[in-house]
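Undergrad: In the order they appear, the protein sequences are chains A and B.
For what it's worth, my numbering labels the leading residue of the first sequence as 1, then goes sequentially.
For what it's worth, my numbering labels the leading residue of the second sequence as 1, then goes sequentially.
Computed Cβ-Cβ distance ranges for the label pairs, DEER-style: (1) Glu-18(B) / Arg-29(A): 29 to 39 angstroms; (2) Glu-113(B) / Lys-26(A): 18 to 28 angstroms; (3) Ala-89(B) / Arg-75(A): 40 to 50 angstroms; (4) Ser-163(B) / Gly-90(A): 46 to 56 angstroms; (5) Arg-13(B) / Ala-79(A): 15 to 25 angstroms; (6) Gln-27(B) / Gly-90(A): 47 to 57 angstroms; (7) Gln-42(A) / Glu-161(B): 33 to 43 angstroms; (8) Ala-100(A) / Glu-17(B): 45 to 55 angstroms; (9) Ala-80(A) / Arg-68(B): 35 to 45 angstroms; (10) Asp-84(B) / Thr-76(A): 35 to 45 angstroms; (11) Glu-147(B) / Thr-76(A): 40 to 50 angstroms; (12) His-181(B) / Pro-52(A): 46 to 56 angstroms; (13) Glu-161(B) / Gly-90(A): 46 to 56 angstroms.
I should point out that these hints are in silico values taken from the structure, not numbers from a laboratory.
Built from N, CA and C at the ideal position, the CB exists for glycine as well.
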Amino acid sequence: MNSHSQKTFDSKTNATFRAGSGDAEKTLRLIANLPAPPALEQRLKAALRRAPRNSSLLHWPAGPRSGWMQSTWARTAAAAAIVFVVAGGGWAVYSRVQPAEPSRAIALPPVAAHGGFSSANAIRTPRTLNGTALAHPLPNAVAEKKPMERAKNPVKSKNAAAKAVSP
Amino acid sequence: MEIAPSAVEDEARQQVEEEALDALVGQYASTLYRVAFSILRNPSDAEDAVQEAFLRVLRHRDTLGQIRDHRVWLIRIVWNIVLDRKRRAKTRPETDDVAELARVLPADGLSAEQRAAAAQHHAHVLSCVDRLPAKEREVMVLSAFEEMTSVEIASVLGITESSVRSRLFRARNLMADLLQHARSLR
Chain A
1 MNSHSQKTFD
11 SKTNATFRAG
21 SGDAEKTLRL
31 IANLPAPPAL
41 EQRLKAALRR
51 APRNSSLLHW
61 PAGPRSGWMQ
71 STWARTAAAA
81 AIVFVVAGGG
91 WAVYSRVQPA
101 EPSRAIALPP
111 VAAHGGFSSA
121 NAIRTPRTLN
131 GTALAHPLPN
141 AVAEKKPMER
151 AKNPVKSKNA
161 AAKAVSP
Chain B
1 MEIAPSAVED
11 EARQQVEEEA
21 LDALVGQYAS
31 TLYRVAFSIL
41 RNPSDAEDAV
51 QEAFLRVLRH
61 RDTLGQIRDH
71 RVWLIRIVWN
81 IVLDRKRRAK
91 TRPETDDVAE
101 LARVLPADGL
111 SAEQRAAAAQ
121 HHAHVLSCVD
131 RLPAKEREVM
141 VLSAFEEMTS
151 VEIASVLGIT
161 ESSVRSRLFR
171 ARNLMADLLQ
181 HARSLR
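Chain A on its own, in the form it takes in the complex (with noise of 0.2 angstroms):
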């Protein structure tokens, strides 16, 4: 009974789907049998003939009927002329022509990544150290010295001070 109902039931789908593909096979075929325009094959010819003729890029220029160009052999020279003179001026250019010296690299300033800060070029100096402190306070004479003389030669003048100093 159970394989009875499957049975119909496989063969039900399968007409459904028979039905279904067949739907879209009448209606492909309804289409693939319609006939073509009337004048269409008139039309075509007619734009074939009025296509060029050439396939090549480089075109021969057109010459006389009876002319030169129209023998093989002359196109051929004329042809293998025109290379020998660009492939000899090419040559030649390369020949003399030096090569140029490779660039020097050039160091950029670090730039931010997209969106980021930059530090615009600025550059951390470290602060200068201070004076040493002395331990023992100069005398008046020499601490009263010009400050011009002072600042020309600091070690001297100290010297001078530390014998003043000393008895």
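Place chain B on chain A using the hints.
TA: Same frame as chain A, now just chain B:
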């Protein structure tokens, strides 16, 4: 003035080529048009595609002698042109297709109402065909041409004959599914 023999040969060769091309046009223009129309579904587009195919043949007419089966070769050319055009063309509204089908499809002995209903039905079926995967759809469309064997379809699509059969089987099942689904929605 004497005319060079090479010029005479060129003219004669050109004449032969023109005759061969004319013969190809006469023999296969209709088939190519139908193939193009089955995909593009527009008469002027199909005609343009056929013309482009023959212009390509004209450009490569030197190789005509090497072709074994001109029919399959030409169908392959027009097929590639049509697929390329279809890919580039913008999708048209379905109402255009229905109107076009009603105008083009044969309707002998049908009333205007029946004709419109038939066009609607065909448009619906074609929209289901369009929903098939490209590989299956292509085989299904080409299989509708009674004059094309599975070997020829395989040659046009550049696949094996067994692939054609399996794709056609899959296409039929998918198509039935799609149509059944559409019916159950109504």
